[in-house]
Amino acid sequence: MNMKVPGCCFLSLIFVIFTSTSEAAINFKESTLVKDSSLTLGIHNNLKYVSEGETGKRIVHEAWGQGFSLDYKSGYLNDLIGIDGSYYGVIKLAASDNFSSRGILYNDKGEARGFNKFGQFYGKVKFSDSNIDSNLYAGWKLMKLGVLTTSMRAAPNTYQGVSGDLSWNAYRMRVAYVDKSSNRDSPDKVHFTTNEGKEITSIYTGDLQFKSDELSLLYLYGESQNYLMRNGLELTLTQDEKLSYGVQMYTTNALNRYRSMSTNKKDFDSTANHYAIDMTWKHGSWTVKPALAYTQAHKTDGIGQFPRHMTKNSRGTFNSMAYAGLDYMRDKEKVFSFDLGYQLTPDFLVGINTHYGWLSHKGEKVSEGEFNIYTLWKPSSPALKNLSISTLVGPGRTFQHTGTTPITNSNGVIKKSSLMAYEFRIDYKFNIF
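Just so we're aligned, residue 1488 is where the sequence shown starts under the working numbering, counting upward by one.
By construction, these hints were calculated from the structure, which means they are not laboratory data. Since the model is a prediction, treat every value here as computed from it, not as a measurement. Mixed in with the good hints there might be a few duds.
What the hints assert, rightly or not - Simulated pairs of lysine-lysine, DSS-like, Cα-Cα distance not exceeding 30 Å:
{"id": "1", "residue 1": "Lys1799", "residue 2": "Lys1685"}
{"id": "2", "residue 1": "Lys1752", "residue 2": "Lys1852"}
{"id": "3", "residue 1": "Lys1604", "residue 2": "Lys1516"}
{"id": "4", "residue 1": "Lys1786", "residue 2": "Lys1903"}
{"id": "5", "residue 1": "Lys1604", "residue 2": "Lys1579"}
{"id": "6", "residue 1": "Lys1667", "residue 2": "Lys1799"}
{"id": "7", "residue 1": "Lys1786", "residue 2": "Lys1544"}
{"id": "8", "residue 1": "Lys1631", "residue 2": "Lys1676"}
{"id": "9", "residue 1": "Lys1902", "residue 2": "Lys1852"}
{"id": "10", "residue 1": "Lys1916", "residue 2": "Lys1676"}
Could you put the whole structure together from the sequences, leaning on the hints where they help?
Put into structure tokens, the structure is as follows:
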């Protein structure tokens, strides 16, 4: 697919807002476009630290940033058209030499810096008739749709393009076409690229969902131009208020541009699949969630891995518990995940989260795992309604590697590596109007 999003598309929507009717222009301040608008201030403090030796030497990755956001949402002029926008800023608080991997601070030629940006700026149109509702968006926007998602640190990543949705009773269909992004740790507007750094023109994607009280079924599809194609299925079956089950299946196929890359730039050869099941059980103040997952991602030279993202500079949809501090998505890797949470008070949650993955490489067993303790405080006081404070700390263990190739000792045995990680986060939002 080789279409272009017209550059005038977004500007046309804005123009229509101010020229729809002469009456709206005269009574602009009294229009629903203004009267139904809102402005929200968000504060996001994020510290992430990891000490690891996966490449054979001990490296500390640390970044700490103070983020803020201003989110404006308009009403709809004539119950039809509106405009939204968001401004983000991040202030550097602390950083190690290897800060960039934490996705919080801007890497300005090796220097850690804060940044500011207009991350969202888009026009919106809505239609409604009987049980059918639809929306159309054009511009820079957050996106959790199809194979694309938005990830939040001190600021989120956003995408430029057009997207829309159509809902009818229990069914919903969404589609999107995007051609640029702005990463969560950068003010820059950039193109998508291959693992070799070559430009990818666009990503198009969509999903179809059925949702009832007992069943949620989501099918997703997407393609990064002539590079990767992905299909996915996510299912949640709710037995009762205490017990539910989940299934996630994703398959990724290499297209021509991916196949033509050098082997050392590939995550897998031609096809990568990931399968996962989980169960959630709630009883009183306890929540228990175990999960199992398996990955197929053959690679001729090294240990293959399922790629979560469709390109560089994009974020991929992946809701398996195998995505944790380590990514348990290597070829023929089996992983057991377990989460146990206890609501100590109505406001305070404490829990443990652990993962153990294992696979075989050239006849040798390879294993990795982690154990984390976490807390979450969300006060119920009306004055602190939108405040949350979370922490996470724990050790882990994996194997040393260069890219996808394991590092071995003089006897050919794969070397092990330990790690330690912690995270601290504060989020608070309040309405200005």
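Verification of the hints:
| no. | hint | result |
| --- | --- | --- |
| 1 | Lys1799 <-> Lys1685 | 10 Å, holds |
| 2 | Lys1752 <-> Lys1852 | 25 Å, holds |
| 3 | Lys1604 <-> Lys1516 | 27 Å, holds |
| 4 | Lys1786 <-> Lys1903 | 21 Å, holds |
| 5 | Lys1604 <-> Lys1579 | 15 Å, holds |
| 6 | Lys1667 <-> Lys1799 | 11 Å, holds |
| 7 | Lys1786 <-> Lys1544 | 25 Å, holds |
| 8 | Lys1631 <-> Lys1676 | 19 Å, holds |
| 9 | Lys1902 <-> Lys1852 | 12 Å, holds |
| 10 | Lys1916 <-> Lys1676 | 26 Å, holds |
Of the hints listed earlier, there is not a single one the structure fails to meet.
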